[in-house]
Amino acid sequence: MEREDLFSAYRLFFDRTPVKEAVIEEKLRNFRSVPELIQALAQSKEFNTPHCKRKLQANAVTEQLVVEAFRLILGRTPENPEVIEGKVKNVKSQWHLVTAMIKSKEFLRKLDLRDFVSSEKFNSTPKTVYLHIPKTAGKAFEKLAEQNYGDGCSLSTTGNFSREHWESAQLIGGHFFQSMYDSMHGQRIFLSVVRDPVDRAISRFNYYRDREAGYERRVERKFDHQSLKNTIRDSGFRREFIDNYQCLYLSGKHRYSSVRHAFSNDVFIVGSFDKIDQWLAFLSEKLSWQDSTLPQINVASDPGYMNEFKNDSELLDILVQNNEEDYKLVDFIRTEEVYCSAPPGFDFSPFKAQQN
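Here the sequence shown is numbered in the working numbering, starting from 433 and rising by one per residue.
Hints may contain errors.
Unchecked claim - Derived BS3-like pairs: lysine-lysine, alpha-carbon spacing no greater than 27 Å straight-line:
id	residue 1	residue 2
1	K524	K542
2	K575	K707
3	K654	K707
4	K742	K575
5	K654	K521
6	K542	K707
7	K718	K661
8	K477	K459
9	K553	K524
10	K784	K575
11	K760	K707
12	K535	K521
13	K537	K553
14	K524	K477
15	K784	K707
16	K485	K521
17	K718	K784
Hints were generated in silico from the structure; no laboratory data involved.
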């Protein structure tokens, strides 16, 4: 957790900043992540006093306040500008905004997941955690992982998974941000693949465009199946294409500096989509895989679909300018070819694949 997050959270919950440097250092030392801090502040005596309630009730809801509340409490950005406008117009005060969000189903579900990954049973088995950034060959990786781990593999792309299976599995993960695992205390390593932000965004849009399942629900959220530009501008899918989504997956934040901070605190093995075979070979060596050949899954029916989008200079500008932090990340991984943050002599033996 970073100092600026601590100050922002204090302003959100207490309408003040920490006064003493000793308090600041204590919080930074005791809380590994923003979600842990938010949970503690929401349950604190100060937040639940009449005095704090009166202070926050005196503050009007602003656009900046809504964005910060979403970032700190829910770990994401608002779906679209209309959501922000709705909160500003309809929510009475800062108090009402914060209390509604910490009582929301989304926040409570996140708390439940954090409690689960902090449990003794979950942490008793060393975990290899796969951070599946969409459109980085994740479904193919899932099939390959099943071949190497058997029942020791439990990956989820839907958000649904067997908790009993996750407790015993060696390899877990899916479409979850790295920050979801902050409350873990057992042995762990993280795996992921990054991809050129423009190519990844176009591939993601093409996937949705050709997918019948969920079509009506996407339209309700203003997804335009004919225009990626309109989808970015108007829909609740914006962050899947821009706003440095890959940095968010690897650190829970939208900044490359936060990813480097995460790298310094955990063991990550990250590959480039362009050279994914090298990443798989590295995993095969370190984790004793029997097979490192990626199967062909989710291959686009029209291999030339990229050109349709790359001929649109306005779209390219939008994607490049709004993914600058992701480009820093991808450029770094490309330079490394396969990046491993493990210190010299790190013991990978607890994470080696064991067929059940």
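- Find the hints from earlier in the document that the structure breaks and name them by number, from lowest to highest. Those not satisfied are hints 3, 4, 6, 7 and 9.
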